[in-house]
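Protein chains in written order, with the numbering used here: chain A, 1 to 302; chain B, 1001 to 1215; chain C, 2001 to 2326.
To be clear, the hints were calculated from the coordinates, so they are not data collected in a lab. Treat the hints with caution; some may be incorrect.
To be verified - Below, computed lysine to aspartate or glutamate pairings styled on DMTMM-like, alpha-carbon distance capped at 20 Å:
#, chain 1, residue 1, chain 2, residue 2
1, C, 2223, A, 208
2, A, 45, A, 197
3, C, 2323, A, 189
4, C, 2323, A, 185
5, A, 211, C, 2241
What the hints assert, rightly or not - One-sided excerpt, in silico: chain B residues whose CB lies under 7 Å from chain C:
#, residue
6, 1095
7, 1139
8, 1142
9, 1147
10, 1148
11, 1162
12, 1163
13, 1169
14, 1205
15, 1208
16, 1209
Backbone N, C-alpha and C fix where the C-beta goes; we use that ideal spot for every residue, glycine too.
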Amino acid sequence: MEQKMDLTVGANPFFWDLETTRGFYEKLAKAPVARVVIGELVCSKRLPFVANAFPEAVETMMAAGKDVALTTLALVTLKRERKQTADLFDAGVTVEINDLSALQHLPDGQGFWVGPLVNVYNEGTLRWLADKGAQRICLPPELPIDSVQRLAEVGRESGVAIEVWGHGRAPLAISARCYHARLHDRIKDNCQFVCGEDPDGRDVDTLDAQKFLVANGVQTLSHATMSMARQYDLLRDVGVSALRLSPQSRHFGEICEGYARVLDGREDKDAFAKALLALVPDGALADGFLTGECGADWSGAA
Amino acid sequence: MQRVYQWQQAELLTFVNHRGDLTVYSSTQSQRGDAMSDELPVIPKALQTAMRPLPLGPVSILLTRLARRVAVRHPDLFGRLGDYAGACFELDMMDQPFVLVLDLGNGAPTMRARRRNAIRGADATIRGPVAGFLGMMHGTWDGDALFFSRDLMVEGDTSAVLALRNAIDDAELDLVEELGLGETSRALVRRAFGVAERMTGLPLNRHQMTMDFYS
Amino acid sequence: MMELVCPAGTPAALRTAVKAGAHTIYCGFADETNARNFPGLNFSRKELGEAIIFAHGHGAKVLVAINTFPRAGGEEVWHRAIADAAALGADAVILADLGLLAYTAEHHPQLRRHLSVQAAAANPDAINFYAESFGVRRVVLPRVLTVAEIRAINAEIDVETEVFVFGGLCVMAEGRCSLSSYATGRSPNMNGVCSPASHVAYSQESGDLVARLGGFTIHRTAKDQSAPYPTLCKGCFTSRDQTGHVFEDPTSLDATRLIPELAKAGVTALKIEGRQRSRSYVEKVVRAFRAAVEAEAQGQPMPDGILATLSEGQAVTTGAYAKVWR
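One chain only, chain A, in its complex shape (with noise of 0.2 Å):
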């Protein structure tokens, strides 16, 4: 069963500012990957600032022969925030649910993605969301290979296409409280936006100097950034169908056209892989979730 996989870039977790965000997406709409997410994931009061480059950016995408979603918010809390999110369900464009909440304003019979920041662990859960009409589920990205491939299975029964976090920092947790705001003294309703200035998430060390997590408003992430470049062939042959990749500030067109020769066997995956440690931040990658003892492990050479 030689699938070829294809790329979808996820919502992007950073706050860029309007223009930044527009010449992203402009970019974008030549870079060789298949689909696009779109849309504020971490944090609701980022979004006037950036609401206006969505619609343009879904036209942009549309345009250029992507498939396109809108994502939800990874935690929807307030009043404004659960209307936000109902009001996605009549947008005309496929919604990715990153909350479960989401799923109460489902119209009936309209299909969705899931997005990675949804548990989906197991098979039970995998198939209770096809009977509801997912079509694609970003598995989240602590999962272990034996956890991948057992859902790739269920999911070409189910009709429902897996993809794996193949490139960006992981999102490892979420909060109510803003860390960025926390680090400025501040408390969150007073935050200034200052996850702002941090336009890849900003470095939390440990009391030693290792790089370790990233603060990006109420989201952390990992430091390094996951690759899932050395372990191509093997999410391959185990049936997953696409690489998620998540924006980053710098190098990203050259980063989806390095995957989109790996998937299309114009380059060596480890070649690749070392190609890499230019083009994210500090030189840092890990892929220890899939095949290593922990998630910050990397497979291939520092």
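Given chain A, work out where chains B and C should sit, using these hints.
Using the frame of chain A, we list chains B and C on its own:
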């Protein structure tokens, strides 16, 4: 309970930090914010000195006998230890002239007394005053709380320590019961322990719940 | 009176909780099906059966937490846990996984279902979704909500709510955190452990107690400071020129003084964290909170501040219940 009672009597200072959501408690008797540790009873120096010449061989035989009795009386304890039923612990009671080496031996435990620093090779070391060990064993004090207050320190395999702590806590041990005495001597020893407990603050008997509050 | 839901990691702790005044006790099987899968902790089938008989004999209820996310290829283990909890007479199961909720609703419709905090149902839509889809009767609310938000939620839902009032505090939305598996390979969702003891190494370095988790330094504690758990999200880190507890101070929750407000907000049950703690902890905390809910029922003021030494960092916070926490 004596210690907790004293602590409740202490005037509490409350400090609210700048974010307004955090309260740090400290007693007036302590600069350290941990009202417990200042008052954790220790074995009197004189008694420590008196214990120093104790012959370790005979002491070890008695201790092993005690450990074996516990194993026989509480078979579930080893089931609860699971993977750690064969683990070996160094119990370093700082107010005592020797350390105890407890080898769980998969149900056939041994406990030996050794001079401090004479041994290595335990899976984990637990360090603290005798009172801490007795208090945990008797359900008087909470192991985590003793850890927070730095009364208790752990080195080595922390999982093994947790398994031991949890298994002992579930076994509801009582030192007097475990000694395997006849009825008369048990009553005598319990009375003596009661006096010693009041004098030293060492928790020498299983903690009794003072009030049953059935829901 | 508000229902007091208390932890038990061992049969002895369960009996202690009942005697100290718990209305309800929650516990789990000694395996990966529950979120406190620690060495030496939890219940065998036989122990749970005896514990349920003991509790029922004293008018207390027993809830069984089966609140990890079943492993693909291993769902059978979780399904068996559900069947056994039902057969042993558990008053409810506490679940987090969508698939497991669906399975339980289909195969054990009579077994009362509570939604675990691990499901992080943080708004009325999520709660109504679980209630309507799987017949969930009670929701344990995530520790990310203010009292005002809890009140608003209760106005929009028909199921009971249970909130944490004391003990360890997750800073992150529970059930949605992979920090532990990033550093250790073992996670709350998959293995029922966070920052597991098996991956903790303590060492003494120039007078400091240094705790490392999976090789990552979590904190250095000077001799005269209170020692925290080596929990990742409460570690001390450096971010540029700042060093401190970036995510949360090593502290735990004490919402005693908020109990009257929580009652007014429509909360049914108050939950105490700490299945990993000793029976000594269970007794002291349960007794204090039983007195508090009795006081609340009679309109008396709340007792305050008596449990600090049992708390991590010997400091307590009202956590997300106060908006400034965010």
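(message) Flag every earlier hint the structure violates by its number, smallest first.
(response) Hints 6, 14 and 15 not satisfied by this model.
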